[in-house]
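Colleague: From first to last, the protein sequence lines are chains A and B.
Quick note on numbering that gives the first Met the number 0: the first sequence kicks off at 0 and runs consecutively.
Quick note on numbering that gives the first Met the number 0: the second sequence kicks off at 0 and runs consecutively.
Any given hint could turn out to be false.
In this list, chains with the same sequence are indistinguishable; a pair is considered to hold if it fits within one copy or across any two.
What the hints assert, rightly or not - EDC-like, lysine to aspartate or glutamate: derived pairs with alpha carbons at most 16 Å apart:
#: 1; residue 1: Lys122; residue 2: Glu22
#: 2; residue 1: Lys337; residue 2: Asp404
#: 3; residue 1: Lys316; residue 2: Glu8
#: 4; residue 1: Lys360; residue 2: Asp84
#: 5; residue 1: Lys360; residue 2: Asp328
#: 6; residue 1: Lys145; residue 2: Glu233
#: 7; residue 1: Lys122; residue 2: Glu21
#: 8; residue 1: Lys337; residue 2: Glu22
#: 9; residue 1: Lys360; residue 2: Asp329
#: 10; residue 1: Lys374; residue 2: Asp142
#: 11; residue 1: Lys59; residue 2: Glu391
#: 12; residue 1: Lys360; residue 2: Glu43
#: 13; residue 1: Lys145; residue 2: Glu345
#: 14; residue 1: Lys145; residue 2: Glu383
These aren't lab readings, by the way, just hints derived from the structure by calculation.
Note that the coordinates shown come from a computational prediction; the quantities given were computed from them, not determined experimentally.
Number of protein chains: 2
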Amino acid sequence: MFFKVITTEEALEIVRGFGPVEEVTVPVSDATGLYLSRDIISPEELPGFYRTSVDGYAVKAQDTFGASESLPAFLEISGEALMGDVPDILVSHGKAVKISTGGMLPEGADGVVMLEYCHTLDKNTIEVSRAISPLENVISPDDDIKRGATALRAHSKMRPQDIGLLAGLGIMDIPVFRRPRVAIISTGDEIVPIENKPGPGRVRDINSYTLSAFCREQGAEPLVLGLCRDDFHELKSLMEKGLACADTVWISGGSSVGTRDMTLKVLEFFDHMELLAHGISISPGKPTIIAKVGSRAVFGLPGHTASAMVVAEVFLKEFIRRLSGSNGDDAGLSRSIKALMSRNVESKSGRDDFIRVRIEKESNDQLIAVPVFGKSGLISTLVEAHGMIRIERNSEGVYQGQVVDVMLFNN
Amino acid sequence: MFFKVITTEEALEIVRGFGPVEEVTVPVSDATGLYLSRDIISPEELPGFYRTSVDGYAVKAQDTFGASESLPAFLEISGEALMGDVPDILVSHGKAVKISTGGMLPEGADGVVMLEYCHTLDKNTIEVSRAISPLENVISPDDDIKRGATALRAHSKMRPQDIGLLAGLGIMDIPVFRRPRVAIISTGDEIVPIENKPGPGRVRDINSYTLSAFCREQGAEPLVLGLCRDDFHELKSLMEKGLACADTVWISGGSSVGTRDMTLKVLEFFDHMELLAHGISISPGKPTIIAKVGSRAVFGLPGHTASAMVVAEVFLKEFIRRLSGSNGDDAGLSRSIKALMSRNVESKSGRDDFIRVRIEKESNDQLIAVPVFGKSGLISTLVEAHGMIRIERNSEGVYQGQVVDVMLFNN
Numbered sequence: 000m001f002f003k004v005i006t007t008e009e010a011l012e013i014v015r016g017f018g019p020v021e022e023v024t025v026p027v028s029d030a031t032g033l034y035l036s037r038d039i040i041s042p043e044e045l046p047g048f049y050r051t052s053v054d055g056y057a058v059k060a061q062d063t064f065g066a067s068e069s070l071p072a073f074l075e076i077s078g079e080a081l082m083g084d085v086p087d088i089l090v091s092h093g094k095a096v097k098i099s100t101g102g103m104l105p106e107g108a109d110g111v112v113m114l115e116y117c118h119t120l121d122k123n124t125i126e127v128s129r130a131i132s133p134l135e136n137v138i139s140p141d142d143d144i145k146r147g148a149t150a151l152r153a154h155s156k157m158r159p160q161d162i163g164l165l166a167g168l169g170i171m172d173i174p175v176f177r178r179p180r181v182a183i184i185s186t187g188d189e190i191v192p193i194e195n196k197p198g199p200g201r202v203r204d205i206n207s208y209t210l211s212a213f214c215r216e217q218g219a220e221p222l223v224l225g226l227c228r229d230d231f232h233e234l235k236s237l238m239e240k241g242l243a244c245a246d247t248v249w250i251s252g253g254s255s256v257g258t259r260d261m262t263l264k265v266l267e268f269f270d271h272m273e274l275l276a277h278g279i280s281i282s283p284g285k286p287t288i289i290a291k292v293g294s295r296a297v298f299g300l301p302g303h304t305a306s307a308m309v310v311a312e313v314f315l316k317e318f319i320r321r322l323s324g325s326n327g328d329d330a331g332l333s334r335s336i337k338a339l340m341s342r343n344v345e346s347k348s349g350r351d352d353f354i355r356v357r358i359e360k361e362s363n364d365q366l367i368a369v370p371v372f373g374k375s376g377l378i379s380t381l382v383e384a385h386g387m388i389r390i391e392r393n394s395e396g397v398y399q400g401q402v403v404d405v406m407l408f409n410n
Numbered sequence: 000m001f002f003k004v005i006t007t008e009e010a011l012e013i014v015r016g017f018g019p020v021e022e023v024t025v026p027v028s029d030a031t032g033l034y035l036s037r038d039i040i041s042p043e044e045l046p047g048f049y050r051t052s053v054d055g056y057a058v059k060a061q062d063t064f065g066a067s068e069s070l071p072a073f074l075e076i077s078g079e080a081l082m083g084d085v086p087d088i089l090v091s092h093g094k095a096v097k098i099s100t101g102g103m104l105p106e107g108a109d110g111v112v113m114l115e116y117c118h119t120l121d122k123n124t125i126e127v128s129r130a131i132s133p134l135e136n137v138i139s140p141d142d143d144i145k146r147g148a149t150a151l152r153a154h155s156k157m158r159p160q161d162i163g164l165l166a167g168l169g170i171m172d173i174p175v176f177r178r179p180r181v182a183i184i185s186t187g188d189e190i191v192p193i194e195n196k197p198g199p200g201r202v203r204d205i206n207s208y209t210l211s212a213f214c215r216e217q218g219a220e221p222l223v224l225g226l227c228r229d230d231f232h233e234l235k236s237l238m239e240k241g242l243a244c245a246d247t248v249w250i251s252g253g254s255s256v257g258t259r260d261m262t263l264k265v266l267e268f269f270d271h272m273e274l275l276a277h278g279i280s281i282s283p284g285k286p287t288i289i290a291k292v293g294s295r296a297v298f299g300l301p302g303h304t305a306s307a308m309v310v311a312e313v314f315l316k317e318f319i320r321r322l323s324g325s326n327g328d329d330a331g332l333s334r335s336i337k338a339l340m341s342r343n344v345e346s347k348s349g350r351d352d353f354i355r356v357r358i359e360k361e362s363n364d365q366l367i368a369v370p371v372f373g374k375s376g377l378i379s380t381l382v383e384a385h386g387m388i389r390i391e392r393n394s395e396g397v398y399q400g401q402v403v404d405v406m407l408f409n410n
């Protein structure tokens, strides 16, 4: 099998090529964070009636024309519009009806004078010291949304305000893409369950935990298939299980040449398998495999937790977003912040270097990115870091004081 | 009761004064997004043994000194160290043992030569074309973490890598602050449940939905206490219920003077009530009440969904973070991005204006903040926006082309 190392951009192009998982219908109160699968057309107009946006008096705007502090208009109070009721008072010329924010405009009125411009002379009369124009301080029946308008677009992620608009329209259930399911397999003869005390030469199964937590954080559902020894039949059987129960399979532990070769051998066994990447020109994270079995993506991730997490941040976040239903429109709003580098960092050309950084704040509130060095196999380097910067493969490094984009780990 | 309008900074100071809710113990796999309540001290060292970080040959570094392509060192292969096993081969002078990434260094070896610098001459001999120094390509037993060192600090939010470090140390359960519980009351005679078709003058209960979704998004647990008519006894009884079952009570619907007055009257009924704010000098969101009943914060939020959501973004996010256990150390990493204003926006002095904006991308990838205008009661303005900018009360506005910080709504 040929050795196909691809660039960061090529790998991103591959993950962006995967479409969303299937549609389900969920109650609107469970939809936060999920992506709509269809446009939502408004079944009615909102708010549906003429509504005041202030506390004050509903009047005929014309009756206030020319009114000022020195020359106020005098109006007769003909009652009060109660909240939630249809006011049964007609506002005729020279009359005013008391009204509270959100209340329905009584018939005949076409504007509301704010309370602060109304001075009560006696229990029947107010003095209006300011002119209003028609519809001033009034929300019209379809100001918020028109019947038949697109309320929300397919592929948008449901935020609290989007849920609110749906609630306001009386939409109880909506079509969304369900949460993607990710099968996670941790390989390696040296890996033991975390409840065991590892003997010499053995380590606990960190990756099942980091990758599961990562999935949950990204809105996906992790299915931990457990530990797998470096054994062809065991890995093949777990991979079959993963392909059957999940939308994608992530195998961690292919850092050593032997394990990587075995992952490839198992992949070759599957019909309709296409090897998309055998290595990505990044550091850390180079020994990453991307394959497609049928319509499902299989990722072979480095065994080093720190390397696996870099691959997750750079590629699997975007991959999960695509499976979840994003069409990439939200990409401009990704979590990166600008900071100044605290020191020079050299980089080998020919690969993208992802340097973990801590963010520190100077006394003048300037954010500083301080590189966290350490052997790439160490998880402590990731724990100390807030995010990472990318040094592109054509660059020789970054300089002290240079402005860098820090991709933040979720926090 | 006096009318106590406070500034944005004063309101932030108030919400930052609330401490975390109580401690619970959770399995490490359920801890993502929760805040640690105590420092975690490492019970052991990690990885716990000398481990190679590359594929190659374990050797005595001294045997490679001076080796180069033109003058390679010749070493005898004396076996292979199997993954997960304690190698029972001693590396003596002139010998090399094959080893895979992550494997345990055999006794006698003090470094690993990468595979690419080893050329196999015959099945017993390799040619080493590069010198290594002692411990090169080797992770020492306590390189990742030392026994007794602070692995994670109290008040830090658990990310995938933090969970991973705990898993690596065999820590199964950890002390965290539990998710804060928020009681939500939606007041107003005009409000109907969302499954009902509102008659004229009435609207559906949007705020219970937006505020619940907001809580979930922020890691808190919403308890929707339901609709409340503009009635003293009904509100008092719901507020008592909220104070009994939740860590904080949020009452939405106090936009009209009448409802606001009633909320205050009900608050006054409680012993140990302290009114902290009766209005915040912001727009929208001015008619916000903050009170403390015993140790619990009660918020009276504007009834307009858009105004309530601005208050939630600016103050309640930070409030929930504090209840959840943040000590403010993560504040520098808040979700804001820089963009250029698309046009001038004027602002009244004396209050902070929060202007909703859409983010658009120009062909040169420059992000542009485009204000979303519309009457403040409209939820559609929030649906169209990606975030908001703050125009400080001493500023007269922002100018076209000015760089602004956009506080992103979660996406």
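Colleague: Please sort Lys122 with Glu22 into within, between, both or neither, judging by C-alpha distance up to 16 Å.
Modeller: For Lys122 and Glu22, the Cα distance exceeds 16 Å both inside one copy (61 Å) and across copies (57 Å).
Colleague: One pair to classify: Lys360 and Glu43, alpha carbons no more than 16 Å apart. Within, between, both, or neither?
Modeller: neither (50 Å within a copy, 32 Å between copies)
Colleague: With 16 Å as the alpha-carbon cut-off, assign the pair Lys337 and Asp404 to within, between, both or neither.
Modeller: both (5 Å within a copy, 12 Å between copies)
Colleague: Within, between, both or neither: how does the pair Lys122, Glu21 come out at a Cα-Cα threshold of 16 Å?
Modeller: Neither way: Lys122 and Glu21 sit 64 Å apart in one copy and 54 Å across, limit 16 Å.
Colleague: With 16 Å as the alpha-carbon cut-off, assign the pair Lys59 and Glu391 to within, between, both or neither.
Modeller: Cα proximity of Lys59 and Glu391: none, with 66 Å in one copy and 36 Å across.
Colleague: Is it within, between, both or neither when you check Lys145 against Glu345 at 16 Å Cα-Cα?
Modeller: neither (57 Å within a copy, 29 Å between copies)
Colleague: Regarding Lys360 and Asp329, is the shortest C-alpha distance of 16 Å or less found within a copy, between copies, in both, or in neither?
Modeller: Result: close only across copies, 11 Å inter versus 28 Å intra.
Colleague: Between Lys316 and Glu8, at a C-alpha cutoff of 16 Å, which is it: within one copy, between copies, both, or neither?
Modeller: Answer is within; shortest intra-copy Cα gap is 14 Å, inter-copy 35 Å.
Colleague: Checking an output row: Lys360 and Asp84, CA cutoff 16 Å. Within, between, both or neither?
Modeller: Neither: 55 Å inside a chain and 46 Å across chains, both beyond 16 Å.
Colleague: What label fits Lys337 with Glu22 when the C-alpha limit is 16 Å: within, between, both, or neither?
Modeller: neither (37 Å within a copy, 35 Å between copies)
Colleague: Give the relationship of Lys145 and Glu233 under a CA distance limit of 16 Å: within one copy only, between copies only, both, or neither.
Modeller: Neither: 58 Å inside a copy, 35 Å across copies.
Colleague: For Lys374 and Asp142, with the copy left unspecified, which applies at a CA distance of at most 16 Å: within, between, both, or neither?
Modeller: Result: close only across copies, 9 Å inter versus 59 Å intra.
Hint violations for this structure: numbers 1, 4, 6, 7, 8, 11, 12 and 13, all remaining hints satisfied.
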